[in-house]
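Colleague: Residues per chain are reported as follows:
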Amino acid sequence: MEHVLEEVLPRIEICEEECKGCGLCIHYCPPKVIEASPSLNSHGYHPAHYKGEGCIGCGICFYICPEPGAITVYMKPSKGEKR
Amino acid sequence: MSGKILKKADAFYDVYERKPGADKLTTHYCPGCGHGTLHKIIAEAIDDFGIKDRTIIISPVGCSVFAYYYFDCGNVQSAHGRAPAVATGLKRANPESIVISYQGDGDIAAIGGNNILQAANRGENITVIFVNNAIYGMTGGQMAPTTLLGQKTMTTPRGRNPHNEGYPLRLSELLSTLESPVYIERVALTDAKNVLKARKAVRKAIKCQIENKGFSMVEALSPCPSGWRATPVEARKWIEEKMMPYFKLGVYKDNTKGKEPYIPPKEEFTTSEIEKIIGIAATKGKEEVRIEPPAARYRNPAIKIAGFGGQGVLLLGEALAEGGMRAGYHVTWLPSYGPEMRGGTANCQVIISDDPIGSPLVSAPDVLIAMNRPSLDRFEPDVKKGGLIIFNSSLIDRRPQRADVEVIAIPATEIADNLGNTRVANMVVLGSYIAKTGILTKEAVISTFPIFIKRRDLIPLNEEAVQKGIDWVEG
Ligand SMILES: Cc1ncc(C[n+]2csc(CCOP(=O)(O)OP(=O)(O)O)c2C)c(N)n1
Ligand code: SF4
Ligand code: SF4
Ligand code: SF4
Ligand SMILES: [Mg+2]
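Taken in order, these protein sequences are the chains called A and B. According to the working numbering, the first sequence is numbered sequentially starting from 2. According to the working numbering, the second sequence is numbered sequentially starting from 112.
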């Protein structure tokens, strides 16, 4: 297997083209690690953008976001969980 | 490498191919709309319970009418407010299926108010997701039964006034007074805490159905930023500050613990039982093979049959359509009911065709059968050029004015009277029509009588009447 950098977990991924810029994830993220991107997506929204660090993997942004595929949350493996 | 991943559910299509337009990646909902949040909760539950292949989501009219763009499971779209009736049929016909009736507040509490009441009272084993956004979202923000007092909408520009529009309807409370429902909870799509509670409630409601316990409903107070002219975040606050004090969150009914599962007995009927029930057993085996096709100008007729209520025009149409079906044609029969039925004119529309029929409406008939004067007056102008008018000359004191149609004048009521019963005038006319056009045989027509004529002893008289009509034309 190819050597990969150890992933920083937890983290989120935002699909900018699926985001409608409603701002709910930005508002409700407890550590405030999501911001509005200054650029526009093809629908004309400022999509949400992960600041790149500080996510605590709470999953709130996922459940608060109305778009099925806009946000993916990668959590930390819990203790005892196979890596 | 990673732990749990929260991602787009399998129960959603990867690409929304059914959605028109170029964008097949995002939903059609406005930014911040609660429908999307609820969809995600439902889809996740479908995944987790492993029920994708047996779930049917019913989306009636409202912003969520297009839910079938997104959910990769069974989908049925229903008329406004009628989702609980459709759900009932689906669930009863397929007890293995998991049926989710997804309804807006206008849909469930206004036009479909009685539908949900009766389905809940029958204790149908279905799950209702009731999206209460206090407004008609889809049509641009009119008042709904759940609109709050003082709330401004398109139709309450000064705010809802209880003296004019009554008080906001609390459906969860109302349905909880019924015996049958097993689980009813009201949740709110606001902050993380409440969204997770909504998630729990939706899962519990679906589980209630999976375990065959009976009727479950989750009412979700849901933001409609567009209808409320609010930002997505403001809309969630508005729910907390305005809606929640009136629509109190909580479990209104929960009998899931003690309730024994109920699985309805399989009621399967044999073909012969069904034939007996709907009354076609008596005629079975007498099916007609199609005879020689009628002359080209009489083929594929669109027929309008009109007369007084009581002259048997609907029956005439039924015998034609059923006879046509037995002869292997495509047929439709469309009765026109209405206030006219009482004493005025009644009419029905029949199409008999070699090809599948697109619409059963007959606005320009090839054939007009007029049993009384008002019918001739009303429909004569509509008959197609080169068409056929058969009129009951016993009751109609004028001939058709049209020179571009064929005409048969037949004193049907007198002929019937001579047979001893004026009510079989319809069959006299029917006889004249099949004799003139060759569209059906006499046998094909009379083989249908046991279905339509309840009094068996009157069947010979009706057969005789058909023969008299044939004789009149051939005579
Ligand atoms: C029989 C019928 N009557 C009226 C309409 C018009 N109509 C379309 S959507 C709607 C209201 C929907 O409101 P709601 O059920 O609250 O759904 P929402 O869009 O708010 O989610 C109405 C009245 C219709 N489509 N069909
Ligand atoms: S998972 Fe929680 S902490 Fe991480 S970005 Fe989403 S809301 Fe913020
Ligand atoms: S909640 Fe979803 S749609 Fe709204 S801004 Fe965040 S990612 Fe975009
Ligand atoms: S009008 Fe309201 S309910 Fe309809 S999609 Fe927009 S926000 Fe949602
Ligand atoms: Mg609504």
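Check before you lean on any hint, since a few could be wrong.
So, partial list: chain A residues that the calculated Cβ filter (under 7 Å) puts toward chain B [stated by the list, open to error]:
(1) 50
(2) 54
(3) 57
(4) 63
(5) 64
(6) 75
(7) 76
(8) 78
(9) 80
Because the hints were derived from the structure by calculation, they are not lab data. Predicted, not measured: the structure shown is a model, and the values here were computed from it. The C-beta atom is built at its ideal place from N, Cα and C for all residues, glycine as well.
Colleague: Which numbered hints are broken by the structure, listed smallest first?
Modeller: Hints 1, 2, 3 and 9 not satisfied by this model.
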